[in-house]
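Chemist: Please model the complete structure; the sequences and the hints are all you need to start from.
2 protein chains.
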Amino acid sequence: MTEHFRTQIVQRISRNFLDILILRLIQAEPMWGYKIIKETKRLFGIKLRHGALYPLLNSLEAEGYAKSEKTTKGGRVRKVYTITPKGTLLIDAYYEVLNEQLQKLDLKKEAQEIS
Amino acid sequence: MTEHFRTQIVQRISRNFLDILILRLIQAEPMWGYKIIKETKRLFGIKLRHGALYPLLNSLEAEGYAKSEKTTKGGRVRKVYTITPKGTLLIDAYYEVLNEQLQKLDLKKEAQEIS
DNA sequence: TGTAATATGTCTGGAAAAGGACATATTGTA
DNA sequence: TACAATATGTCCTTTTCCAGACATATTACA
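So the sequences go chain by chain: U and P.
Here the numbering used here is used: the first residue of the first sequence is 63, the next is one more, and so on.
Here the numbering used here is used: the first residue of the second sequence is 63, the next is one more, and so on.
Do not take every clue at face value.
Pairs involving identical chains hold if they fit within one copy or between any two copies, as the list cannot separate such chains.
What the hints assert, rightly or not - Derived EDC-like pairs (lysine to aspartate or glutamate); straight-line CA-CA distance at most 16 Å: (1) Lys-148 - Glu-65; (2) Lys-97 - Glu-131; (3) Lys-109 - Glu-65.
Worth flagging that the hints you see were computed from the coordinates, not collected in a lab.
Modeler: Encoded structure:
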């Protein structure tokens, strides 16, 4: 039953945190857009539309979270993206916040009861 | 610097996973809408708009993740929400997936290199 | 008696996002 | 010589989302 929710959850996280997902991928290994599409398919079962990805990659670079370098592999031009220190900081921040969020809630702790 | 990202990250998580946040709150302690607003402010520093919350609470109940019971406290009508078993399963699934996601990526593992 | 707080609800206009089409170029293969 | 795959990009339309307004009722308090 929990299994039944899995796919939609993974898809929801990927959709809502696509930028973070991409940064994690290029952090693990520098990649270009087309490979990112293949890897998200392979690793998470997510089909990224390139019409969404390429503009996002450009904005990630514009905001300084990633940087790209054009390489040519047998006539094919690739824009290989690498994560920047700022991008690493962003990912670390997400890890930190999400880990906090995963701590079970204990409302009583600091509560001044409303009711 | 990492601190600089914190607020926007928490807000982003709260906006995108508001339903999960609410379910976690009523799981920790049954509550009504107005108190949920107060608690999210107190616990996460997030100002929930009631115009977003109440319809969401209704849909959570319609989908069977929560159930409500009307109580009266000195003339004031409250709809106290409790989590259902289905809601608990959903939260567990999120915990599971997020924990997986937080594992550092190791692309090499199952890779059949594209390049 | 008026204002703030408690309590729950709907609705609408604008902004953002999603999906898919349009566009182009090279390489590999049947 | 097509067609699939690799590779990157834009654009437009539809759909979804969000912020704030509109709406109502009770209670607490100055």
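Chemist: As a check of your reading, is Lys-97 near Glu-131 (CA-CA no more than 16 Å) within one copy, between copies, both or neither?
Modeler: Intra 15 Å, inter 51 Å, cutoff 16 Å: intra-copy only.
Chemist: Given a CA cutoff of 16 Å, do Lys-148 and Glu-65 count as a within-copy pair, a between-copy pair, both, or neither?
Modeler: between (36 Å within a copy, 12 Å between copies)
Chemist: Is it within, between, both or neither when you check Lys-109 against Glu-65 at 16 Å Cα-Cα?
Modeler: neither (20 Å within a copy, 33 Å between copies)
The structure shown violates just one earlier hint, number 3.
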